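Throw the hints in and build the complete structure from the sequences for me.
Residue strings, one per chain:
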Amino acid sequence: MPYKSVVLVKQVPDTKNISGDVMTPEGTINRTALPTVFNPEDLNALEMALQVRDREGGEVIVLTMGPPAAADILRDSLFRGADRVILLSDRRFAGADTLATSYALACAIRTLERSFGPVDLVFAGRQAIDGDTAQVGPQTAEKLGIPQITYAEAIVKLEGPSIVVQRALDHGTELVKCSLPCLLTVVGSANEPRPASVRRRIEYKLAATKLEYKGLLAKWPAFGGEEALDAYLVERGLGIAVWSAADIGAEEEKLGLAGSPTQVYKVNFVVLESADSREIQPTPEGIASLVQELVREYIVG
Amino acid sequence: MADNFYLDNPDLRFRVEKADLGFVVGLKERGYSYAATLENAPSARNASRFAPRDFADAQDNWRLVLEILGEICASVIAPRAAEADEEGASYENGVVTYAKATQAAIEAFRKSEILGCMLPWEYGGLNLPETVYQAMIEMVSRAEGGLMTIFGLQEIASTINEFADEATKASYLPRFSRGEVFGAMVLTEPDAGSDLGSVQCRASLDEATGKWRVNGVKRFITNGNADIHLVLARSEEGSKDARGLSMFLVERDETVRIRRIENKLGIHSSPTCEIQYTDSPAILVGKRRFGLMRCAMALMNGARLAVAAQAVGIAEASFREALRYAGERSQFGKSIVSLPAVSRMLVSMKGEIEAARALIFETSVWVDTLKACEQKQEELEKAGAPSDPVLIARKKQASNLADILTPLSKYYATEMGNRVCYKGMQVHGGVGYMREFNAERHYRDVRITNIYEGTSQLQVVAAMGKMLGRGLDVLLDAWMAASVPEELAALKIRLVATTGLFQKCCDALHGAERDAVEYFGADLMDMAAAVFNTWLLVRDACVVGEARKIEMALAYAAEQLPKAEGSAAAILLLDMSAISAKDRILA
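These protein sequence lines are chains U and B, in that order. So the first sequence is numbered by my numbering: it starts at 1 and just counts up by one. So the second sequence is numbered by my numbering: it starts at 1 and just counts up by one.
By construction, these hints were calculated from the structure, which means they are not laboratory data.
Straight-line Cα separation of at most 27 Å, DSS-like style, residue types lysine-lysine; simulated pairs:
#, chain 1, residue 1, chain 2, residue 2
1, B, K111, U, K157
2, U, K254, U, K266
3, B, K18, U, K205
Some chain U residues well away from chain B (every beta-carbon gap over 10 Å; in silico):
#, residue
4, D97
5, T111
6, Q135
7, K157
8, E253
9, L257
Restraint ranges, calculated between C-beta atoms of paired labels, are given here:
#, chain 1, residue 1, chain 2, residue 2, range
10, B, L64, U, S115, 29 to 35 Å
11, U, L217, B, E83, 44 to 50 Å
12, U, S189, B, L64, 25 to 31 Å
13, B, Q426, U, S189, 39 to 45 Å
This one's a predicted model, so the numbers in the text were calculated from it and none came from an experiment. Virtual Cβ for every residue (Gly too), placed ideally from N, Cα, C.
Structure follows, in structure tokens:
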């Protein structure tokens, strides 16, 4: 049977390619100093949702909260097969911790239920590689008042309003049965996210929020102006909706910095430096002393 | 940035971005109003969203396609290339199984929906030009040489599109576009290799039902386990030559038995099959009796260009391995890349790769031009409009050039690929001979490229007629008349002289005995490639005026023009003593 899924995704700094000046003195991340990527486990969450849709039918709606540039990962979601994407973007969301973020996301999910009908499944990545809190998914479920299954690795069974999920735990796996609607946070071992489809990549390449029209017109001057571009995109369903705090009926004091009780107390800068190389003699004694040192330093054993 | 075989290759990007295809794409996209003409086609909804608005939009689409493929090549295919080679395709009880790495690669192609992208919009394709396809072939081959024979057999779909009737196209082509089926080109038999006119496989027509059935054995069939076969068979009973052959589409079923696969030197991931057809139901593709002369030739011309691109891809992989190794390996207290004997090999490899790529793209643009003109002419005929003399002239020119440049590309790129992979191993020294390094795999994989789809020796024969008729003059004359930047002035003088020498050699062989033409044909091909490619590199330098392009042209000329002069000396001397004494020498 068809299921309506919402996938919560986040654009994060590409922590694999870190350069200097990444942390601000306040202990937050200087986002402009880093290239951004689709949070890896959110891709696993999207893949799980797409697999449900491909098998059972239904719809996959991708939702992100972030600055206008976060539209990049929404386009990426369309390239991979999402049916609909929504960007939550408003200055009032800025500086949100996990509490304020999950509040905004929960408001947005309720809003989209009013527009598009009840949601059966909410998917999120287990955690984001920037904050590493793993809190936003669970908190969103709490605010929506639905059950949550964290560390989801596989959907073992999905039948009517009931789901059985395999959870990946430290020392094995656990099967959990739950009724819908519910929220799953998905781990990286769950699946291999599909590549962007060439045909969808072409079909959706112009998908844009209104905030991006200027950039598009600079690249494609032949459209002539924003009005013509807008008409072209709307006709083809390529406009990406942007929802503000007002659109989702959120209470202002629960949003952004104001709604965030978490304050970063202190940031320690840790500089890892490799010492000079050392030559180990290829003798039994040399090897033995190396092994002893590794054991002493708790590197092995 | 993630590894990407398109983004990390500036020369390939330069070729795609600068490809002179404005005219071609305008025709292919029917003046950018293709979507409007497609109302009743099954995929019309998509086409109206995909079809480019203008040439810049089309170019942007190519970039997207190539970037996606480039990422798949770098992240999915190349890391498992050694594994695909080691495991190889296997055979048991009539069933062929691809190596696991090959299966993963095919799955990635399917998921990315990149298959069938050259087919027209109405069959679910992306209507891409051949030229862009060559870039795709090159990247796939760089990632894993054997995989190209599976990816590259999209040519089968293109041939069905070109020659089959409407019903056949509508039922088979969308399946190619969806990645549900792959194709195989089934021409060779145990006693019909280079001499395809002697094919024995029989096709018989049941007059009552109007259905064809194919019987016979085919051999050396690349990827013969594919679902859709294009089979060359004798449809005219009692005929002996090419005029009795027709082309048939056979979908694999229980009447098609794979008897064995070959144990080969290289491209282990690609199964080479022996196939037996027993009363296999078949559909005639194209006109009866034109199977070899029209269908198979068109199919082979496409495949020849693809194999040329395959050789460039394998050469590119070999060059990169060699360059990296030379930078890391230290002898005599320094990195070996600083030794002139080593850097000479590397510079030669790089120059030949870029020259071959330039030649393939030049050829592809003419092939695309020819096809676009044919399509336009057909549309005019269907609409009952008068024919356009300008279009006809352009088609004729493109046809003549494609006839020479296709075999020249195949000849040069595949011989070049062998030279490059030979040097790639040489740069490595002893370790290059070991299985732990990729150099020996490239060396083995590239070896087939100048053999299959017509040996180099056959390419010489294919190009010779029109080349001796001075068919390249139309381009050479234009280039000689154009001005060049100051840094290239001296080179141009020399190149004009070598070009004159080439033309003189054409004339000398034009009047010679047939044996002499075939004997010295290879020398003339070498010379043609050296002269033509140097002009292409000079043209690049003129287009962008980059210092590197100028240096590349000079370096290539420094290596190749003296060799061309040597070839000319041999041709003009026309010393036939080896031919006249061959029986005694070989006795």
